[in-house]
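Q: First to last, the protein sequences are chains E and C. Per the numbering used here, the first sequence starts with residue 679, numbered consecutively. Per the numbering used here, the second sequence starts with residue 463, numbered consecutively.
Hints were generated in silico from the structure; no laboratory data involved. C-beta: ideal position from N, C-alpha, C; glycine also. Check the hints yourself; a few may be wrong.
Label pairs and their calculated CB-CB ranges [unchecked claim]:
1. C/E617 with E/L775: 17 to 23 Å
2. E/S967 with C/G591: 40 to 46 Å
3. E/D830 with C/G799: 58 to 64 Å
4. E/Q798 with C/K750: 23 to 29 Å
5. E/A952 with C/K750: 50 to 56 Å
6. C/G799 with E/V1165: 39 to 45 Å
7. E/G1179 with C/E546: 30 to 36 Å
8. C/R820 with E/E1169: 56 to 62 Å
9. E/E946 with C/K750: 41 to 47 Å
10. C/D577 with E/G1179: 29 to 35 Å
11. C/S540 with E/A755: 56 to 62 Å
Each computed SDA-like pair below joins lysine to any residue, with the alpha-carbon atoms no more than 20 Å apart [what the hints assert, rightly or not]:
12. E/K836 with C/K753
13. C/K750 with E/P685
14. C/K753 with E/D764
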Amino acid sequence: MRSFVFPEFQIIRDEEKCGQCRACERQCAFGVHTYDPVADRLVSDESKCAGCQRCAIFCPKGAIVVRPSPSFYRPNASWSREKIEDLKRQAETGGVLLSGCGCDKPFRIYWDHIVLNASQVTNPSIDPLREPMELRTFLGAKPDLMDISAEDGDVQIKTELSPNLVVETPILFSAMSYGAISYNAFRSLATAACKSKTYFNTGEGGLPREMRDEFGKCAIVQVASGRFGIDAEYLNCAQAVEIKVGQGAKPGIGGHLPGEKVSASVAETRMIPAGTDAISPAPHHDIYSIEDLSMLITALKEATNYEKPISVKIAAVHNFAAIATGIVHAGADIIAIDGLRGGTGAAPKAIRDNVGIPTELAISSLDRRLRDEGIRNRCSIIAAGGIRCSADVIKAIALGADAVYIGSAALIAMGCTLCQKCYTGKCNWGICTQDPRLSGRVNVEIASQRLSNLITAWSHEIREMLGGMGINALESLRGNRDHLRGVGLYEWELDVLGIKGAGE
Amino acid sequence: MPRIRRSRRELYNKEICACSIFGAMNRDGERFSGAGVMKAIANMRVRGNGLGGGFAAYGIYPQFKDYYAFHLMFTGKSPQAKLEAKMELEDFLSSRFDVVSDEEIPHDEAVKLRDPPLVWRYFLLPKEGGDDSGLVRSEEDYIVDQIMAVNARIENAYVFSSGKNMGCFKGVGYPEEVGEYFMLDRMYRAHTWTVHGRFPTNTKAWWGGAHPFSLLDTTIVHNGEVSSYGTNRWYLEMYGYACTLQTDTEVIAYAADLLMRRQKLPIEIVAKILAPPIWNAIDRLPEKERKLLTTLRMVYGPLLMNGPFAVIIGTTGRMIGLTDRIRLRPITAATRGEMFYISSEEASIRLISHQLDRVWTPDGGEPVVAELNSMRKVLL
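Bound conformation, chain E alone:
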């Protein structure tokens, strides 16, 4: 059937500059560029282009420009080009539209409507270049109050403490499974997490055996509805266990790993046959209610000898705050809350773009809800979904999060350009693919350095902003909405965020 869809991108090759080196041809796994030996020139099939910019960036002559195609349908506020083309594709295939990365729709990005405070006169700002500025964060349950006995200066702590994760900066790598991303990308995240004294999350695809000794100390392992790759050693080699109930990109459904990406090594790690689709069930079939979750939490605590905090990751949906409260009562030590803009390797586009609520609102309601219930100490909140820069991190913390997970941001640090073709397994940047020719493009040493640099840079910026507010320890900003003001928000939005308008 002839497709009625325009190419999304236009490729302009400067023939003056082009040296016919065929680098673009080698770089593009989608097969956009081909060499025509007769004409001694390269030609492009724009219809295959994902707009990932690999060719443009790797062209040694800078001869290629890839830009959105200027072709248009008659402008129509209701029928945007995307709507028309999605519809055509479905008419041509009869299938569910898949996509990768997070929701790209113009829902309000609250981060960009929140401004931060700084000290003037009455309270000195603190210079992070000269004074200590502390970002160390503990993730896990804390006792309400401590029982301490003090006799003649000898102080004994009687309260038994729950296990906590310690991070030197409140930024963790979000769950991205081996299988969804390449071995090298996965290993880069692990390496960077250890180097930056934070944690990476294995996602639901298991942790390759050979990585357990070296990287278990900075790993959070996930238990998802597919139960891929789980054994006692997997649970015990890590520092925390996360039960994945939902994901911001696709609340209500499970993970999708197409068979094309299930290589022999992925299959071994996931403990499934090679080449089969790894489709996680939508719910955990042993969790149909809160008491079932409580049993799974207890089972995991038993399996790990009560030595590791248990996290529960849920997508931010309408009633999530009440649900999260239940999850804390069920014994979770950490709640990871993933918002509307959370990324994914593959999700039905309809779900990715329409289900869930923005992280910013979610963090604030969850923090408030837990405080109102008087159980905020009993868990930590890790916020995920749409964190793009250090300012987003600091705003998340002031809204009540203990730390954040970054997913897309970490991938971008490794080269990702959010072309949304993760589900095809043809990632030209070598991140979201199992094709050894492509995944070799991620050099673990360089990629982990880029990731560490990102964490270092953001941590520096967080210290700068914190010092400006006259705060020298991150714990003094947690839930401290006093340091936030909203600009251009409706009253109800300010209410949910719990912040005043700018100038108020």
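Position chain C relative to chain E; hints supplied.
A: Here is chain C on its own, set in the frame of chain E:
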């Protein structure tokens, strides 16, 4: 616990102010008039702007030492409004307490202060069976709940002092004027005095916003701005402390109450919670201390008071000076014989005690503790 009502948006207006603080204690428990501390605080007049001053005095009501002394402030535009608030308050008290004595707190009409409220004191004990909440709790917890209830619910009525054998006096004006207004140099003798002169940045100063802040016999005079206010506040609200007075000093008072009275933590530990050492220092300590300090920061992180502060915490028999962890607002401590002084400035101490045995500036986060040599004198 009183229900803390708050609009979904946290629309409190935090007052910002800078200040002078002074404290004097006779460690033998000998009581002395307020004249000296009034003179000392007057010497730091430039640190205030006449929009707030106050005193805490310990040992002033020996004749009623077994009763809680509630100092009430009834505000309102007209005398009628003040009396209405008073009636509402007395209605509230009568069902919960046995009031053994009450009177207007005497003041000197000749001293002109701005908008003085009606200030009244009640000596009382909880009524037998007055606590109908069904909760098993200490008498003090019960009293605290009632104070929170009054401050949060009864418009125009504020309990600003509630301990036994002690009292706070505060108002809008320079501290020495407030002292004269309440005739502290003539009417009262205390073994411990703490004083505060205030420099709020906004002009709408009100009497309730002056220092000291107190809960039971714990009083706080504070100089500084707590940049962690929002965090401290939500933590304390989880434990039933209604932050109604819109100042950061209030959170220090409640934190001190929570940690010292309810949790019975020693002051050395409390200081390490409010102004903990930096991680670099903690990580270098021997294992046992490191574990203790790490645990304290982990559990009580939300009570870390960030930003510049110097504070004098008073309790019966104790006076504690503390500065923030990086000493942005230093204090000076001094002793002379049995007298113990803590002040924002050394000059004020020298003014009332020219000769001193020892003068020092404590490190950030290091508490200075003045204690009565014997509690017998004040308790019996």
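Q: Take a look at whether the Cβ-Cβ distance between E/S967 and C/G591 falls inside 40 to 46 Å.
A: Given range 40 to 46 Å: holds, Cβ gap about 43 Å.
Q: Holds or violated: C/K753 and E/D764, Cα atoms, limit 20 Å.
A: Measuring from Cα to Cα gives roughly 58 Å; hence the hint is violated.
Q: Lying within 29 to 35 Å: is that true of the beta-carbon distance C/D577 to E/G1179?
A: holds, 30 Å
Q: Between E/Q798 and C/K750, is the Cβ distance one that fits in 23 to 29 Å?
A: violated, 42 Å
Q: Against the 20 Å threshold, does the CA-CA distance of C/K750 and E/P685 hold or violate the hint?
A: violated, 67 Å
Q: Range hint 50 to 56 Å: satisfied by the CB atoms of E/A952 and C/K750?
A: holds, 53 Å
Q: Just tell me: holds or violated, for the beta carbon distance of E/G1179 and C/E546 against 30 to 36 Å?
A: The hinted range 30 to 36 Å holds for E/G1179 and C/E546, with Cβ atoms some 35 Å apart.
Q: How does the Cβ-Cβ distance of C/G799 and E/V1165 compare with 39 to 45 Å: does it lie in that range?
A: violated, 60 Å
Q: Check the following: the C-beta atoms of E/D830 and C/G799 are separated by a distance inside 58 to 64 Å.
A: Violated - the Cβ-Cβ distance for E/D830 and C/G799, about 28 Å, lies outside 58 to 64 Å.
Q: C/E617 and E/L775, beta-carbon distance inside 17 to 23 Å?
A: violated, 59 Å
Q: Between C/R820 and E/E1169, does the C-beta distance stay in 56 to 62 Å?
A: With a Cβ separation near 58 Å, C/R820 and E/E1169 satisfy 56 to 62 Å, so the hint holds.
Q: Taking the CB of C/S540 and the CB of E/A755, does the distance hold inside 56 to 62 Å?
A: Cβ of C/S540 to Cβ of E/A755: about 60 Å, so the range 56 to 62 Å holds.
Violated hints for the displayed structure, listed by number in ascending order: 1, 3, 4, 6, 13 and 14.
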